[in-house]
Structure formats: C-alpha cells, structure tokens
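For reference, the chains in residue letters:
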Amino acid sequence: MHPVLRTVLQRLGLGVLTLLAVSVIIFSSLELLPGGFAEAILGQSATPETVAAFNKSLGLDRPATTRYVEWVTGVFTGDLGKSFAGAGGWRSDNVRTVTSIIGPRLYNTFFLAALTAIIAVPIALALGLLTALYRNSWFDRVCNALTLTTIASPEFFVAYILMFFFAVKLKIFYPLSTVNADTPFLEHVSRAMLPAITLTLVIIAHMMRMTRASIIALLSSPYIEMAKLKGLTGRQVILNHALPNAWAPIATVIAFNLAYLVVGVVVVEVVFVYPGIGQLMVDSVSSRDMPVAQACALIFAATYILLNLLADIVAIVTNPRLLHPK
Amino acid sequence: MTTEHVDIRAIRSRRTFGQNAWRLLKSAPFTAKFGMAVIAFYIFCAIFAPVITPYGEAEIAGKAYQLSSWDHWFGTDQIGRDTLSRVIYGARNTIGIAFLTVCISFAIGGVLGIYASVTRGVLDQILSRIVDVLMSIPVLIFALMLLTMFGKSIWSLIFILAVLDSTRVFRLARNTALSVAVQDFVEAARLRGEKLPWIVLREIVPNILPPLIAEFGLRFCFVFLTISALSFLGVGIQPPTADWGSMVAESKTLITFGRPQPLIPAAAIALLTVAVNFVVDWFLHKTSGLRDEK
Amino acid sequence: MKSNEKRSDAKRVKGAPLVEIKGLKIEGFSDDKWHPIIKGLDLTLKRGEVVGLIGESGAGKSTLGLAAMGYTKPGCRISAGTVNFDGKELTTASQEELRKLWGSRISYVAQSASASFNPAHKLMEQVVESACNHGVMDRAAAEADAKDLFKRLQLPNPDTIGGRFPHQVSGGQLQRAMTAMAMSCRPDLIIFDEPTTALDVTTQVEVLAAMRRIVEEFDTAAIYITHDLAVVAQMAHRIMVLRYGNLVEEAETRAMLKQPTQDYTKTLWAVRKLQKEESKGDDVVISVNNVDGSYSGLVKVLDNVTVRIPRGKTVAVVGESGSGKSTLARAITGLLPPSRGRISFNGKDLPAKLADRDRDTLRRIQMIYQSADTALNPRQTVRDIIGRPTEFYLGLKGAAKDRRVVELLEAIELDESFIDRYPGEMSGGQKQRISIARALAAEPEVIICDEVTSALDQIVQEEILKLLMRLQEQTKVTYLFITHDIATVRAISDEIVVMHKGKVVQQGLKSEVLNPPYPAYTELLLSSVPQMDPDWLTNLLKKRAAA
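Chains as they are written, first to last, in the numbering used here: chain A, 31 to 356; chain B, 41 to 334; chain C, 544 to 1090.
So that you can see chain A by itself, here it is in the shape it has in the complex (with noise of 0.2 angstroms):
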C-alpha cells in the first residue's frame, strides 16, 4: 500500500476511534449521575412508583451497554431520541425528537460559522502573511498588541461593545439576531452580523499570530535563502518554494481556528439570542434536558474532532516525505 494512504488510513482509524472513546465519555456522563437520573429530574419525594415508571417510559430500565448501542446506531440513521422537554414530556406520546428539535438549529449555527469563516479566514491569512514578511515594524507590534488583546477579552466583552456601539448606539446592525425558518437569505445574512463580527475578531487574532509564527519559521528555513540567493524574484521564491511547503501549517491553522469557534459560538449565540446549537446547549443544561445536551456536546465534540483529522490528513498528502518514498 502507498505510504500516504496508509497514514491517512491509519490517521482515520484513530479519529473514528477517538470519537467513540467520546461519544463512550458523554454516554456515560449520564450514568454517572448521583441519585440516578428520574430522582434528578422528578425530585427526592418522587414515589417508587413514579421512579419505575419514568425509567420505563425513557427505556432507562434497560441495560446501560444495550442502550448505549442503541444511541450510537441512532446517531447513524438520525435517530437521537426523544426530548425530556416539556410538562410531562416523557409521557405524552407527541414529545418531539431530538433531531427535529436540533436540525433547524444547526443549521442556524452553521451559517454563523460559515459566515465567520468567510469574512475571518481571507483577513487572518493575509495580515498573518504581513506582519510576518514586515517583521518588527510599527505595523507588527500594532498588531500584536492587538491581537493579544483580543484574545485575552472575553466572547462577551467583545460581543456588548460591538452591540453597545453599532447596534444600540450607531444603530447599523440588529442588536439582537432573532431569525427562525422563515427569515430570507439576506436578512439572515444581517441579522447575523454582528455575532458574526464578534466571532471574526475573536479567532482573526489566533489565527493570525499562528499563520505569522508559521510563516516566519517557513522563511527563515535554509531552502528559501538558497532560493533567494539562486536570484529567484521575491514572487518567484514565495509561490515556488514556500507555498508548497506552507498548504500543511496553514491548514492546521485553519482547522484548528474553525474548531475553535465551535465554542466561541456558545456565548456569542447567548449574547445574541441567536437560536443555534450553543444556545440550544446551554438552555438543555440549564433544565437537565439529556438527551438534546448529550445530542449537542457530540456534535461539538465531531466537530472539532473532524476539523483536526482534516488540518492532519492536508499535512500527510502535502509531506513529499510521504508522497514520494525512497
């Protein structure tokens, strides 16, 4: 077998597998509950009675490896159990299912991200690539200030500036981002960017500082000063010499920024009431909504598993030490 292929086979082999030892993780954290899980829900003067015939009516009664089993296969076809949302959820027979509760949400959620990663992306690579090729100017260290700033200010901090000035005072954008189903295209578009902002100025400020770090260590690797002292022109030495070695640092750096806003999206989507899957979160865990949390944090977790196994699979097809072996 071709070298490549083995280690991305073998990279795949391990990401399937780390996300089992997760989804085994946020299975189990459901067991782990002091108390079981109806005395949580029902209160500690609930009956016996009541107690058996809320775990009967939720299959709790059953196996924990049976039904584990049950919610992986589920997760295959859609199925990801019924919501405990509700007065009474658990007995009506009308409760809705995690899915249709979460798929308009994720959607929602999704076009933030891809909103972000639109405007974010192109930014942080391009003044990443500048401050690296114009080291220690005034521009750099205006830069770097900056950005380290950002990064150490919190989701919220950022996003009630952004929402005190441009919306509540400046009056540009929705303060808040109520969309549902119905909402057209462009109006989604706008009433999604603000939190889309926030989240930009949130990971532009990682993503440049490692696109910076990675350029420089690319530059200052001897191949380019022998392609420079070869008279190559500038263009010549940036896109014949360290392009081709820069798709794997700059990959990783993309992965691991978009996996980054997958829980930036938590807070900003609270700030913002914006219905997506981080505020969907945070109200399941607010009512001990199981099955939608546990629904929530795979997807999260899936996620941020396959953007990493993505950043490592770009890095193993663009390694010629790989792709062509002795």
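If you're looking for bench data, these hints aren't it; they were derived computationally from the structure. The model shown is predicted, which means the values in this text are computed figures rather than measured ones. Any given hint might turn out to be false.
Claimed, not checked - Pairs of lysine to any residue, SDA-like flavour, derived with a Cα cap of 20 angstroms:
1) C:K576 - A:L269
2) A:K356 - C:D702
3) C:K1085 - C:R695
4) C:K616 - C:F572
5) C:K582 - C:R906
6) C:K1044 - C:L1067
7) C:K816 - C:F572
8) C:K891 - C:R906
9) C:K616 - A:L163
10) C:K665 - A:L269
11) C:K1086 - C:D1076
12) B:K326 - C:G618
13) B:K235 - C:P894
14) A:K356 - A:V34
15) A:K356 - C:G714
16) C:K643 - A:D91
17) C:K616 - A:R165
18) C:K665 - A:S316
19) C:K665 - A:L178
20) C:K896 - B:L231
21) A:K356 - C:S657
22) A:K201 - B:R299
23) C:K816 - C:S657
24) B:K235 - C:D899
25) C:K896 - B:E227
26) B:K326 - A:P152
27) B:K326 - A:R165
28) C:K1009 - C:Y807
29) C:K823 - C:S914
30) C:K576 - A:N166
31) C:K940 - C:R906
32) B:K192 - A:K356
33) C:K643 - A:N270
34) B:K73 - A:R171
35) B:K235 - C:F935
Position chains B and C relative to chain A; hints supplied.
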C-alpha cells in the same frame, strides 16, 4: 590557564536576587509594566475588598437600576446593590476560584506529566491516550455537560475545570520534561545511579520551570475566562456571590437601553487577562532569549 | 555551448581582479545591541582563483563569504567598507541588481544540503531553476546540461537522478547536486560554505574531488570556507586565516603550510602534532565478548563485537557515522543491554542492565559526552555538578566536599573562583573540563569519552587531549575513546579499534593499525583523511585510479 576567548558578558558580577529582580523590572517594556501594575492593583482589591468597598457584597444599598452618582459610582443593579462594591468583591471571588482551580490543575497535570515523561512505558502511553481523547472535547462544552450532571456548586466547578484543564498541563509538562529528560546531563545522572526523585527534582524540574510558569499565567487566563463564560451562561458561580461573569448576565438587558452597565464587569475581566498576557508575553520573550544567549 | 562562448569574452581574462572587498565591517544584532562580526577586512580575488577562508567558530568566515555576494544574514548589516564585484559595487546595489547577479554570476553552496534543497521539488527542477530563470538556457537545454554536470560530478545514474526528491538521495550525492545547481549558469564565482563538514571522511573525499574538478574545468573563481586546514589546502590557491572578525594571516597555500608566520595559524593543526608513545597492556579491565545490540530489536547496530580494553591504557574506537561506535559505549554503560553476548569488568560479568548494577560498579565506569552544553545541567553550579559524585559515591559532605571540588578544579587547571559558576558562564573548553572533573570525582577505573573533542576548536581540542593524557599518567585511569577523527586517535591512543557497519574491522596497537598491511576498510578510512599537503588529494586520486 586556557588561552580561550571568554565573553566578557559571561563573567557577570554577582548581584543579590533583589538587585537582579529590580534590574529586570526596569528593563521591562511598557506593556509588561502596565500588566504588572494592573495585576498588583487587582490583588490589592481582592485582599482588601471589605476595607475599600463602600457597601457590602450583598447589601441592598439603594433603589434598583440607579445611574452612576456620587453615592454609587457605577450605579446599582437590578435589586439595588452597589455595582462598584460588587465589582471589587468580584475580584476576590472570581480570581480566587480561578487561581485555586489552576493550582489543582497543575498539581494533577504537572505531576503526572513529569512522571510520565521520566518513566515512559505503559503508564505514559495510557495517560497520553486518555489525554488525547479528553482534549478532543472542547473544555466549555465538556464543562457544561459535566456541570449538569454534578450540579452547580462552586466545588464541582473548581474540580471539573481543574481536571479538564489538567489535560493541557499534562501535555505541556510531559513534552517539556521529555525534551529535558533526553539530554545528556539526565543520562549522566542515571548512569551515576541517581534515583527518580533526584532526577526529577534536581535535574529536570529546574529546567522546565520557566515554560511552566508562563503556562501557569496562560492557563489562569483560560480558566478565568471559562469560569466567567460559564457564570455568564448561568451554570458557573451562583448568586448571591458577586462574580463578574454572572454580573454581566444579570445586567445584560440594560445594554439594549443604551446603558453600559454590563460592560463594567466585562471590562474588569478583560483588563486582568490582558494584563496577565502582557506579562507572560514578556516573560516568555525574556526566558527564551536567555536560552539563546549561550 | 553558450557558456563556452561567454568564456571567450575578451574581458574575461584569467588573472583580472573579480572581487575586491575593502575595509569591510559587518555587525550583528543581539541583546538589543549591534555587535561587530567582521572588523575591517580586505579580500581580493582574481578570475579563476580559489581562496580559502579558514578559522574557528565565530571567526566571521561565513559572514565574509556571503558578503562577497552582497548578502548578509537576517539580523546582520554592513556598517562600513566596499564590496566590488567585476566593477560593480554591491553594498549600494539594489535588491534587483543583486538578484540578477545571484545564481547567474555568483552562486552559493551551503553546508547542509539536505536543509538547503526544497523538500517539495525534484532535484532537477531546483538544479535548472537558476539557468531558466536568468534566461541563460531554455528548459530542455538546461536539463541536458544538468545531466552533463551530474556526470562530471560522478553522481550515480546521472540521467535519472534529477527525477528524485532530496530526501531520496544520500548526503554526499545531495552536496554534489548542489554543486551542479551552483554551476548551472557557469558563474564567475562560487561561494562554498563548509560544504563537506557534515559528511563522513570517505564521502568527503569523493565530494571534494568532484568539486575541485568542476571548478578547474570551468575555470571558476571560488571562495572556500572551512574550519579544516587540510581540506582547504586541497582546494585553495591562497588561504586567509581569520579570527574574531580580523585577518590573522594570508598567504599562498604552499607557503602557508610550509611556513606559517603567525603562532595562531600553527595552532590550527595543533592536534596533529600531538603524539603519544604507545604502550602495550595485558591486564584486561573490560572485555566485550561477541556482543550484538539493536534499537527496538530491528536493526542490528552491533554485530558480534569483541573488544578488549587493557587497564591504564587508551583504546580509541574509530569509525564513521552508523559504525556502531557510540552504541558500543551505550552497551558498556548499561544504557543499551546487548541482545547477545556478555561484557565483563575486572573478570566478572557486568550486569546487562543499568538498574542491576550496584553503586560501586557504576562509580568505576564514568562517561564524558561530546557536547558539554547538554552534558551539564544549566541550572546547577560547578559546586553541585562536581560535588554530587563525591557525595553520592564517596559520602563527602560540607567543607570536605568543597575542598575536594577545589582540588578537582585544580586538577583540570581551573581556579576555585569557578566553583559558583553556572555552565552558561563558561566557554566550551571550560565546560568540557568541568565534565572531565565530574567523571574524575567518582575516582573511576574507566572513563568512556564519547567524541569529547569533536565539538571544540582545534586549539581547545589540543588542551583537552593534553589534560586527559596528564590525568591518565597521574591516576592510571583507562580511557575508551570514541571518535571519528584520525588525528585525535593518533594523538592519544595506545590501541585502536576500527568499526564499520556494526562490526569490528580490526583491533590492535596503534602502530599495527596505522601501518600496512591494512584490511580494506581501514585502508579506505585512513587514506580518506585529508593531509596537510596540497598534493594529497591529487596523489590519492591518482593512486585510486591506478588500483
């Protein structure tokens, strides 16, 4: 004697620790000095909160939602507590909890990481794989989930974050310790027949201290921000304890009326983390620079 | 060929000045200050002439070589002086003017070929890049020319090697490919920056021969930078000795070798003049019997190795990289338990694993490392470094320990003021002395010296070797001296073990091993060591061609 050339710089005259520290501080750039001043100010506020605050932590000092005045510099909150006093008490609670969490996290992650790097073998393999898996779940998400399970008490918050964060500490401690453990002077100690405690405490730890100290600052910022975010989301530090994250959440509706109230505790958080980052940035630059010097 | 037409150009007369550097000063930036690197140097180079720049680390030879191209490393600047290349002033030239010269009329061959080739492109693409880019030839002609150059440089499979990636060929081949790359535009000047330093001696000979032949064939001027006088003697017509950014001496190669005027120049071959009288020993202190060793059980790094080490003598283990000489040391110290065979010490079997050896056995076998930078804990003072073995093995404490540390410092010719220093506050040679004192502190029977002088400058090497010999006379300690450098072997050994690919080729007294009849590998190894004779390479190549 040798005929070798010795750099004049190398034979520095010996100064006391205090003199060295003072010289180092004087040479620090503006950002680092600013950072250190801010940190000192916060520590002062945290320690002397009861002395310097005009009102008590949970004292209802006036009417709700007052604007700033001479009596209440930052106004009052939704039930009439003095915002300034609560911000100062918040320094005590939020910083204290974050600091304690990072200490526990370093105790777990640092000890296991260094131990794994020195002994290698099966334990190292197992711990590293566990850490890989735990690190593939974002901390905020994981913490949200676990807090639902274990309830919203301060101790479960501290413990959960400490365990989750210790994975990062483990990885750093293991990798830096490993880079030292493969050096010849550690091998020389092994060949001499030294036992594990000597190798760890005398040969390895002194050499990984600078990166670990820097990491302590960064981990503190991260934990501090995570706690604030969790409190902001309503699952972290619970009222009536004054805490900056939950204060932002409590007053967040005011912002849509054009009042900057929630920005005050948020700015307090941002200022501290920025300050710590500035100091760490300088410290890293300084210690890595010293290593290049030889 | 186009390049041949160029060569007949009337202006390109051999002997006309090509490079003229006057009053050059270069500074480097560190610790927020500019420090001088080159302190006012002149250099004149005629067409077709090869000048050698020689000096120890920090002499500024690479900086001067690069300055001849009008280039300074990032963080350095030319603060005074002029660099004139064929009538053009380079210090004031624009980047664009310099770019047009680089690669076409001046080219560069770097020390580390594996780092200087872009890992993402095939060799051929990189070799023809200059020629195509400067418009000297079209791609097809450039490739044909490159294959011709590969052939002249005696690269294997010259027609197909260009299709390989840098990581697919060996270090010596890469270095020759880089020479082809530098030659592709038939430049007037090539800067060779320590091109063979990273290579083994047997490979070095081939690369030196190939480079010299091609420079002569195309009548190219060159600046050859190295720290090895014997190497530069083969390559250069004229030699400049540099030290701390100043010129020490400049002369024609033969004149310099015959009659150096400066004391410093003589120290450059200091080690070669050391010669210990060999003596035979029959009392065996360590014997290694039929030992196999491997890392992770895959590749055999030691293959049926048998070595006997006589008490109070110096046994030098010599070999190239991958010969297994350092692995042998690791097997004796217990760091790498042998997979087969046994090692006995004072007639008794030595436990294979380090953990199974008692403290007294550990005390009796000490080790000194190649790099004192990594062998001394940077966070411990000399008092702790040297004091620890006296405390650990001999139970000395407090004032007694300090007294012993001062005694040991005196034994290694350092005074007691060093006792509170950290390794970062000492020079390389002083650090290596501290390493020696740490080994001595255990009062051992055997000291294993693993390439202890190879990271040091020549004159410091000599001092350290003399110190080791004096200590042997005083304490009757046995040395197992691992090295790749034949001059060092000649200087200090009683017996020599030659290793190659994990096997012992030969063991015997110095006089036996260094004189014929040789086994084939010993002959190859010994004959490949450059001599202080400008005709050495020529004669060697003649002899090898005849054989």
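Hint by hint, here is what the structure shows:
no. : hint              : result
1   : C:K576 - A:L269   : violated, 35 angstroms
2   : A:K356 - C:D702   : holds, 18 angstroms
3   : C:K1085 - C:R695  : holds, 17 angstroms
4   : C:K616 - C:F572   : holds, 11 angstroms
5   : C:K582 - C:R906   : violated, 49 angstroms
6   : C:K1044 - C:L1067 : holds, 14 angstroms
7   : C:K816 - C:F572   : violated, 38 angstroms
8   : C:K891 - C:R906   : holds, 16 angstroms
9   : C:K616 - A:L163   : holds, 16 angstroms
10  : C:K665 - A:L269   : holds, 16 angstroms
11  : C:K1086 - C:D1076 : holds, 15 angstroms
12  : B:K326 - C:G618   : holds, 18 angstroms
13  : B:K235 - C:P894   : holds, 18 angstroms
14  : A:K356 - A:V34    : holds, 13 angstroms
15  : A:K356 - C:G714   : holds, 14 angstroms
16  : C:K643 - A:D91    : violated, 81 angstroms
17  : C:K616 - A:R165   : holds, 15 angstroms
18  : C:K665 - A:S316   : violated, 59 angstroms
19  : C:K665 - A:L178   : violated, 41 angstroms
20  : C:K896 - B:L231   : holds, 11 angstroms
21  : A:K356 - C:S657   : holds, 15 angstroms
22  : A:K201 - B:R299   : holds, 14 angstroms
23  : C:K816 - C:S657   : violated, 35 angstroms
24  : B:K235 - C:D899   : holds, 13 angstroms
25  : C:K896 - B:E227   : holds, 14 angstroms
26  : B:K326 - A:P152   : violated, 33 angstroms
27  : B:K326 - A:R165   : holds, 18 angstroms
28  : C:K1009 - C:Y807  : holds, 18 angstroms
29  : C:K823 - C:S914   : violated, 31 angstroms
30  : C:K576 - A:N166   : holds, 15 angstroms
31  : C:K940 - C:R906   : holds, 17 angstroms
32  : B:K192 - A:K356   : violated, 58 angstroms
33  : C:K643 - A:N270   : holds, 18 angstroms
34  : B:K73 - A:R171    : holds, 17 angstroms
35  : B:K235 - C:F935   : holds, 11 angstroms
Figure legend: structure checked against the earlier numbered hints; hints not met, in rising order: 1, 5, 7, 16, 18, 19, 23, 26, 29, 32.
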